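Protein chains in written order, with this note's numbering: chain Y, 1 to 254; chain D, 1 to 254; chain H, 1 to 254; chain W, 1 to 254.
Hints listed in this document are in silico derivations from the structure and should not be mistaken for laboratory results. Errors might be hidden in some of the hints.
Given that identical chains are not distinguished, each listed pair holds provided it fits within a single copy or across any two copies.
What the hints assert, rightly or not - The list that follows gives simulated cross-link-like pairs (lysine to any residue, SDA-like), each with its CA atoms no further than 20 Å apart: (1) Lys28 / Ser238; (2) Lys52 / Pro82; (3) Lys52 / Glu134; (4) Lys19 / Leu215; (5) Lys198 / Ile186; (6) Lys181 / Gly203.
Keep in mind the model is a prediction, meaning the values are calculated, not measured.
There are 4 protein chains.
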Amino acid sequence: MTARIDFNCDMGESFGAYKMGQDEEIIKYITSANVACGFHAGDPNWMRRTVKLAEENGVALGAHASFPDLSGFGRRNMAVAPDEAKNDIIYQMGALTAFTSAKKLQHVKPHGAMYNMAVRDEALARAICEAILEVDPGIILVALTGTQWVELARDMGLRVAREAFADRAVNADGTLVPRSKPGSVIEEVDEVARRSIKMVTEGKVTAITGEEISLAADTLCLHSDTPNSIHLASYIRSALEAEGVQIVPVGQIV
Amino acid sequence: MTARIDFNCDMGESFGAYKMGQDEEIIKYITSANVACGFHAGDPNWMRRTVKLAEENGVALGAHASFPDLSGFGRRNMAVAPDEAKNDIIYQMGALTAFTSAKKLQHVKPHGAMYNMAVRDEALARAICEAILEVDPGIILVALTGTQWVELARDMGLRVAREAFADRAVNADGTLVPRSKPGSVIEEVDEVARRSIKMVTEGKVTAITGEEISLAADTLCLHSDTPNSIHLASYIRSALEAEGVQIVPVGQIV
Amino acid sequence: MTARIDFNCDMGESFGAYKMGQDEEIIKYITSANVACGFHAGDPNWMRRTVKLAEENGVALGAHASFPDLSGFGRRNMAVAPDEAKNDIIYQMGALTAFTSAKKLQHVKPHGAMYNMAVRDEALARAICEAILEVDPGIILVALTGTQWVELARDMGLRVAREAFADRAVNADGTLVPRSKPGSVIEEVDEVARRSIKMVTEGKVTAITGEEISLAADTLCLHSDTPNSIHLASYIRSALEAEGVQIVPVGQIV
Amino acid sequence: MTARIDFNCDMGESFGAYKMGQDEEIIKYITSANVACGFHAGDPNWMRRTVKLAEENGVALGAHASFPDLSGFGRRNMAVAPDEAKNDIIYQMGALTAFTSAKKLQHVKPHGAMYNMAVRDEALARAICEAILEVDPGIILVALTGTQWVELARDMGLRVAREAFADRAVNADGTLVPRSKPGSVIEEVDEVARRSIKMVTEGKVTAITGEEISLAADTLCLHSDTPNSIHLASYIRSALEAEGVQIVPVGQIV
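For reference, chain Y alone in the conformation it holds in the complex (with noise of 0.2 Å):
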């Protein structure tokens, strides 16, 4: 059988007048495209023309669901009670989905303080499913491989892909380095090339450790917001497709 790999992207985080991201760039190295959608970042503008962007180019469309928090980005914790975090979810998902032809999403992907917490905090997690099961149960659910979020969220009887970072270092047990850990992330293109072969084909990686742990992935997380990070994009493209690795759409995977 031949390996499979998703790449996807955080994408239309413009706001207004603010522009962010190489939107244009990146979108030819991806397959999913997880759009912003007004709540840490987005607006009705930059969603239309993100989706118009990610169909122009075959890349399949998900809601990027964060918390109600423009100003910072989406980036702090905040005690969101789980009723409220669904609902947000649903709203969200909802209001990208009537930007897309299809009137469908391939999949939701929280964004920043929301997907951080869901790892530890199961209420949050299983209000995550809930809103994706309310909405439409084919939608897939992505989530940090390794994680009981993961398990909760096939229990639940969700479409889970697994994420993993290729440029980021992670412990014995699975779980990221945090990035205020030295050699928390990995810069050397080459060694994310083949960190990113060793995952998708072996389903492995090398611990920060030295040991060699499993690591299953559906997708893999690359960037937009950096001066190197369409580069590497492309270059992780080409090593994977060299080893007869194929970049499809998660809705064809999992």
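Following the hints, complete the assembly by docking chains D, H and W onto the known chain Y.
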């Protein structure tokens, strides 16, 4: 043929800790709910509650789309470009749709300043129609009866519900007498009921000048924000039913 | 020496078309107003009205500073960095100051989640103090009596008003019994009055465990959001005055 | 007497994670900073940074007050009632003042749509003036030269700085040629410099019709948002200084 009319009312205008309207009471008398979508009022939590309330009462659902003006309750004219207004409306329609059981709206009624501006501003009126056509051409536009906006929408292929205000005086040309003028609001319940019956059964109304003029109505706008509004709704409903008029969602009329 | 106490109350929590609180009534019984500054509630128009109402009634003015969380009414914990919280507070203090006749505030009282977090989070507590020192070292901080926050503020050179809640049960260590526990809120007016008198004249209160503990209070927090709250305010005020206690703005006490 | 002129520039227009403008560069060439106050751009954190940057560079501070329209960057006309606009401005003035070391502003310059509307809308123009008078009658209003707004402000007792745009063509009556017309923006640096010198030393400018007209200027508006804008600022400053013109904060001029 039996005369039929829809009763619509603005709902879900609470926001966070702020409660507004008597939704639980007025819901018993209306057939279509215009639900605030977070731009002038409402939020994801109130949208869920309002949708549930309407569905439990067999009341059809529509988006009460607004300019982005929470602090002004959507009542202040804004020079939003037509393309931006279109995107704002699509966003709000989608957000509300996601909360409905049917994942479908019956109608869209622009709120406040957007509604009033659309009566005179053809580019805005057209943008509103385009938003609906893009999301779902089966969705009905609620627009002020007797206006070019109604004609435009029909020319564009939309289903249109012509809205009348039973408690508002009209000029000889069918336009509303501005609230700033004496006699603009009809307070006497019996008189409002008589006008409603005449509008619905004869398609006529007596203008403030004394003339009897034609005025076609598919839906009457009720309110829930005054102490007397629930009584008025109940009274008009009974009066119309006594005349053999059926009160049904506007989706069954146009 | 005559015992003195301040009565403070949250005010100006209306927003745009949304009315909240019974400001015109409660203002007659209090001596210090905590005015919402637009982050959890309030807006420039309501701030003007509230400042005018307070000044006409001889009530001292303070900023009720909050995290930026309008949809959550500032009641949700947020991981706002201390430096960001400091700037948020300075912004709100300045905005309110500009509406006052004296261009000067008496006090600052953090609202909701920010208040509760500051009791336990020293970095946040310090940031709140720094905000006040930076704007005007003469401004008083209102903080929960018996906490390290009070000590920290004093160490930093601030004037501090220790706040107590006459209608809330306290544990043996002086902390508030959480609202989720039975008996946390004292409903009986006579009992609240008795506790108020004891706090103010003896500096003591009976804990929920039955012990009598020390509890120093410079200001008592009253409410205006329940049907009974105006009656309670009036009753407590009369009861304290009957004991010879003077009710004065906290600026005359600390 | 030595000719003097102020250079003003909009600053602090970043918001949260969004960076806008080249504040660190343009600050070297200007004498007055118009700081965004959170209504169209800016936030408490950027306000602190911007105030610090200006103070370190000896640049005078003013509030760039706007309608509440973050998603439209304050560029959309809004039918805000004059009393509401007045309160919005007071709020923004106060918020900015609290970040300044002197707890005092030099000036207020309405932003975008509010500025443009004030040129024609006397009630709004008056409300802007009242806001300044209420906060501090010593604060200078920056208003478009040659307008009734300038006259009104003077009649109300305000200090007024007449603003001109060296890179914008003017009609024979002194009004700006709209950006939509060809030739409205003067791109050639030498030409902008020549026009600046003539405005400042002779109080004259050549209209688009070829006539030489009178045009008094106390302050010139510079930009920092185009690649060329820093060069232009530096060039004009040098050109004026070479003519013996002093570039000083407008508080030393009017």
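Okay, the hints, checked on the actual structure:
{"no.": "1", "hint": "Lys28 / Ser238", "result": "within (12 Å within a copy, 46 Å between copies)"}
{"no.": "2", "hint": "Lys52 / Pro82", "result": "between (32 Å within a copy, 18 Å between copies)"}
{"no.": "3", "hint": "Lys52 / Glu134", "result": "between (26 Å within a copy, 13 Å between copies)"}
{"no.": "4", "hint": "Lys19 / Leu215", "result": "neither (35 Å within a copy, 37 Å between copies)"}
{"no.": "5", "hint": "Lys198 / Ile186", "result": "within (15 Å within a copy, 57 Å between copies)"}
{"no.": "6", "hint": "Lys181 / Gly203", "result": "neither (25 Å within a copy, 49 Å between copies)"}
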